[in-house]
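**Student:** Listed here are the chains, written in short residue letters.
There are 2 protein chains.
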Amino acid sequence: MSKLVPPHGGKGLVCCLLEGGALDAEKKKAAGLKQIEISSQEKGDLIMMGIGGFSPLNGFMGKADWKSVCEKLTLADGTFWPIPVMLATDEASVKAGEEIALVRNGTLMATMKVTEVFELSEAEKKSECEKVYKGEGPDSAEDKFWAVAMEDHPGVKMVMARQKHCLAGPVKVLSEGGFPEKFPGVYKRPAELRKEMDEKGWKNVAALQLRNPMHRSHEYLCKIAVEVMDGVVIHSLVGALKPGDIPAEVRVDAINTLVKHYFVDKNVIQAGYPLDMRYAGPREALLHATFRQNYGMNYLIVGRDHAGVGDFYGMFEAQVIFDNLPQNAVAGKNLLTQPLKIDWTFYCHKCDGMASLRTCPHTKDDRVILSGTKLRKMLSDGSPVPDHFGREEVLVILRKYYATLTEKVEVKMQQAASGSVM
Amino acid sequence: MSKLVPPHGGKGLVCCLLEGGALDAEKKKAAGLKQIEISSQEKGDLIMMGIGGFSPLNGFMGKADWKSVCEKLTLADGTFWPIPVMLATDEASVKAGEEIALVRNGTLMATMKVTEVFELSEAEKKSECEKVYKGEGPDSAEDKFWAVAMEDHPGVKMVMARQKHCLAGPVKVLSEGGFPEKFPGVYKRPAELRKEMDEKGWKNVAALQLRNPMHRSHEYLCKIAVEVMDGVVIHSLVGALKPGDIPAEVRVDAINTLVKHYFVDKNVIQAGYPLDMRYAGPREALLHATFRQNYGMNYLIVGRDHAGVGDFYGMFEAQVIFDNLPQNAVAGKNLLTQPLKIDWTFYCHKCDGMASLRTCPHTKDDRVILSGTKLRKMLSDGSPVPDHFGREEVLVILRKYYATLTEKVEVKMQQAASGSVM
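Chains as they are written, first to last, in the numbering used here: chain C, 1 to 422; chain W, 1001 to 1422.
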């Protein structure tokens, strides 16, 4: 019997993905339905509903759920849920009761039985942003939030750009969006990951949420977890990120290399999940914990500025939120996966190893700390990265990636010079 | 309100130590009572009963408790308890109902209302040893155990040497045996340590059981705990050890130095407790967890060969025992403090830091591992200790200690040469 944490919501894994004959029949039917184009975020959410990653959700949210999630962190029925999962379109003709097809870039993704069509006013969308995306960082200051967020917060921009007509209702998912083919052995459904962990006999498992390449500080987070739990899942987002972030393929390659050289194979699993980042900081940490519960991990490593962007969130706001959930949100079908809170980590010369602000009593000068910007510059221009910051085997992969970027720029410049582009 | 784990047994801290006027009166009374000399181990047990460290015990065990603890890991009333706490004497005149005084090396330690006097046969004592001290290591092999144990197991030898008449009954403790004076700021009663932790707001706290000087591997155990919990208590045995072990004063000094240079003060507490080692391996790990619960720590770090001696126990037998407690032992007033299990730890050159068998995939040659014997030799003869094994500030203290030993030997040799000794 599995020793893993049960899926969220008490209904087991709720999977809306069709397979075999049912899939073929539904695809045939879908051809005759109204085609609604969906966003990248909606595609990720849909696949999660397909594979059980968003259990107990079986479709996009209606207005009652939307309001309850924003204000009370639960679905209207009292089940814990931290972030709205919405579908919106500019197509005005869709009516409640209608069946529609959901399409992304020409690929049929799902069908949906529309149970509710509603609009959210500008004021309501703003309230969603303030409830879900506003934090305690300087960029969230009352007089500043909206100006900065509309420039620099991808999540807020996404909500505000959401189209007029919200559609709610249960979905039948018809595609995993190419993820299984693009990330073989890494993209795993919750049931697959659970099976793998059951075979290892795991019970206490931590997930490392990852959207960046792993350096020593991420490795250290994982290793702390491995020291005290049955194992760690390095669980990368393989959906879309903001521009400038390192693509999933490169990250997966880097993780494979790191695991091969620096982990004990039996205590670690690499896996990927198909969501896009929302950059909702604390609320997204809760979402990350919620779907990790579905994947079978009962701990989520929450470090510094989890799922943050800019200066919208306090450094450890995403840790604190787990302790301050409203009473109603922990009263019903509540979140079982807990945060494994770890402080800011780094290599310290005096400690002679990895440490955090909780374990290292030394000064800034003893620590190897690099901003993302500085690191990108070093990797791009081939200058040496400070000792102990990353693993050489990983840095090689990142340097290679940045070199291809530079080549692309050079090709463009040459083409521009020869008049073939621009 | 305290967030710490409550004391074991559901009766709060059961403290048999008298103070103030009651102490004076009891001392006066004790002068007229029969004086029974007790062993060093009995003295430690007595002080623990005095300060609440052995809650809910309020005296030495009778035969029913002895039998139940050996066979079922509970007191006769069903409360979890892993090791007999016995008082024995060769004085045949003590009768049930009598009040006696317990004395150690001329110091009045306690009075005791004798409720039961009984004998344990050789066979019964042997059965106690086999139940409590025999493990799964090579020295515990059926055809070997008794021969090896009577030579090399201090705990077994102590049981077998226990005198004829066992005395049971509640105690009134009249002295803390000089520990508060000898270890000021380190020797702490459970209530004192709890107060200190409450002031820090701690809830999840790990205890490091310590009877050796701290090297990098012990420091790493503590730091893993600090990374994931509210704090760690470095909790040293300041009672008696086997010959050749480093005395508590030196260890305390070394810990102070280590904490000062390598820990963040607010996340660590140093404390000492007055027990002698029994070297009972897994059963002693359970005892260590039991009295840590009384001190307020809800986790006990259990590493390699916890409380072991020779080759009597499997390397991780003391971790496994927590998962395999008999049903009756977890059914009633059970142990709440849990093991924080950590694998064999060491510095690894390829890992570029501390690691364990769970986190380091490299080979023996990459790791800095030293036997106790080798280390002692290096410290004694002043030869260099391999890099990364210990902290220089700590090694200086140990070298100084070993130098005084050598001086003592040299003085003895000179005295011998000049005919003043031997």
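Some hints here could point you the wrong way.
Covered by chain W, according to a simulated footprint, are these stretches of chain C (three or more residues, beta-carbon under 8 Å) [as the list claims (entries may be wrong)]:
(1) 10-22
(2) 221-232
(3) 281-294
(4) 299-311
Heads up, simulated BS3-like pairs for lysine-lysine below, C-alpha to C-alpha not over 25 Å straight-line [to be verified]:
(5) C:203 <-> W:1203
(6) W:1350 <-> C:400
(7) W:1203 <-> C:350
None of these hints come from the bench; they were simulated from the model.
All C-beta atoms in this analysis are idealised placements derived from N, C-alpha and C, irrespective of residue type, glycine included.
**Student:** Now tell me if each hint is right for this structure.
**Tutor:** Here is how each hint holds up against the structure:
no.	hint	in the structure
1	10-22	violated (count 0)
2	221-232	holds (count 5)
3	281-294	violated (count 0)
4	299-311	violated (count 0)
5	C:203 <-> W:1203	23 Å, holds
6	W:1350 <-> C:400	23 Å, holds
7	W:1203 <-> C:350	30 Å, violated
Checked against the numbered hints above, the structure violates hints 1, 3, 4, 7; every other hint is satisfied.
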